[in-house]
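Chains as they are written, first to last, in this note's numbering: chain H, 1 to 264; chain R, 1 to 270.
Careful: at least some of the hints might be erroneous.
Taking CB as the label site, the calculated pair distances span [to be verified]:
id	chain 1	residue 1	chain 2	residue 2	range
1	H	76	R	29	43 to 49 Å
2	H	76	R	198	49 to 55 Å
3	H	148	R	27	26 to 32 Å
4	R	149	H	148	32 to 38 Å
5	R	28	H	103	35 to 41 Å
In short, the hints are calculated from the structure, not lab data. Here a beta-carbon is modelled for each residue, glycine too, at the ideal position from N, C-alpha and C.
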Amino acid sequence: MPPRRFLTILLPAFAGALFVAIWIFVRASLSDDFRFLLPAPTEVLAAFRDHGDELWRATLNTAAGATLGFLAAVVVSFLLSLLLSLSPLVRVTFYPYLMLLQMTPIIVFAPILVLWVGAGLQSVTIITFLICFFPLAVNTTQGLVSTDRNLVELFQLYRATKFQEIRRLRIPAALPYFFTGLRIAATLAPIGALVGDYTAGSSAGDGGGLGFQTIIYSSQAKYPALFATAAVCCALGFIFVAGVLSLSWLSLRKWHDSYDRADT
Amino acid sequence: MSSTASSSAKNVPPAVEFRAVEKRYGAGPVILDAFSLAAAPGDFIALIGPSGCGKSTLLKLIAGLSPVTAGALLLGGRAATPERASTGDELAYVFQEPTLLPWLTVAANVALPLELRATPPDRRAELVRTALALVGLEPRAAYYPRQLSGGQKMRVSIARALVLSPQILLLDEPFGALDEMTRDRLNEELLAIRERQSWTAFFVTHSVAEAVFLSNRIVVMSANPGRLHREIRVDLPYPRTPATRRDPAYHALVDEASQLLRSVEDTVAT
Ligand SMILES: Nc1ncnc2c1ncn2[C@@H]1O[C@H](COP(=O)(O)OP(=O)(O)O)[C@@H](O)[C@H]1O
Ligand SMILES: [Mg+2]
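Input sequences plus hints: build the corresponding full structure.
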């Protein structure tokens, strides 16, 4: 019997089946008047068929916003982290504003953004950027300043330049922290794009995303379609996280303890 | 054979010379006080003393990782100013921890000092191979540090220190975390390497036996502030082998150093 790998597929599948069973059971126990609260799995599947085209378009739009915002956050937070890692003084100078950025509720910020850059992909991208930025910047900065003191002294001893120290020591040492931030940001990016779309999306052209569809379906009381939208959001999140986990595995598996296995 | 490098050659300046060195960190207390010591080229000096007496600080001064606050420190007769600090390739440091970069292979770790000073790649490979051969780790060149035992990691650390053919080798309790068997073997290997390379060594240890086995001079330090308490000459001939550990003269020296160390540690305790 192939125990381990078999179980890792079987157990989640079983949990999923159980979930669907409970779903059907709960629905069956509702009185007819309230069945609309919880559509049947078949109804949700039907919604996928009926609204497939617009859902697919909306998914692509949301994915575009999520990807652009996420990538921008990675690049900008990385550069800022390098700057912040240079000295504690730089950190105290900028940290309060970084916090401020994180504290500003997106719901308040969205209308301002619409005013400035207009509703649509650009606003969605910026909102995703804002949501992803903080965990990335904080984790990467932490990683860049947590370098083993002995290793830093080693580099000083061999009179490494500041550039060599950053490139050959601080950045590789910060990678595990960076990936922690990246994992958090990857779960936030699709949510950020969705919230962005909900609050600052645009139906102009075919620019609407999943957030926009949420508004439409709920106003039209298309509840199965709403559930289908939720499922699509989950799938999008999974793809983001799976991408980041693969990247993390590729870069860290050879040397980092979190991937320590006897098979190396 | 470098063997016991005494002060016979008067015209050769000491490899390292402390002249009434005082050391404080910032506005803190005096860590090292009126410390004077001259190491002739080829000397193997063991530093023992109560913990906190400034042994590691002493090595950091030599390495130029921290400045002297008063007195003078000369390397090869020249002042070790902070700007000059270590001239790099003539000085190497082995820390208590292996201090390897976990994301680099063994070979890449050993190559690091060469890479930082832009040694041409073809020359680099050859030097790395030689250094790894010295510590018997050539077959592990492509391994990552986490795939090695504690003793093997320490060997890599030593290979990295030796790859630049240093004139001064600083070792700060390098084998402190290893089991006794491994430690003994590494001590023997270190002395075997010394027969092939000539460096002046400063070796901090808590083990009196290790100090006697390796060194030709043992410096016993006292604490608060750190001072040179006494020096013991170890006149056992090199090359030393496991048989040296059965020599009565060896045991007499271990006893002498132990008693001296205990007396300093007692004064600290009271
Ligand atoms: N970077 C530093 N800043 C301030 N004090 C230090 C620093 N490094 C060491 N010290 C102090 O100097 C004294 C000697 O330390 P150290 O040289 O590490 O002793 P040893 O290696 O003999 O145990 C200790 O009291 C320690 O607290
Ligand atoms: Mg120490």
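To test your reading of the hints: which numbers does this structure violate? Of the numbered hints given earlier, the structure breaks just one, which is hint 4.
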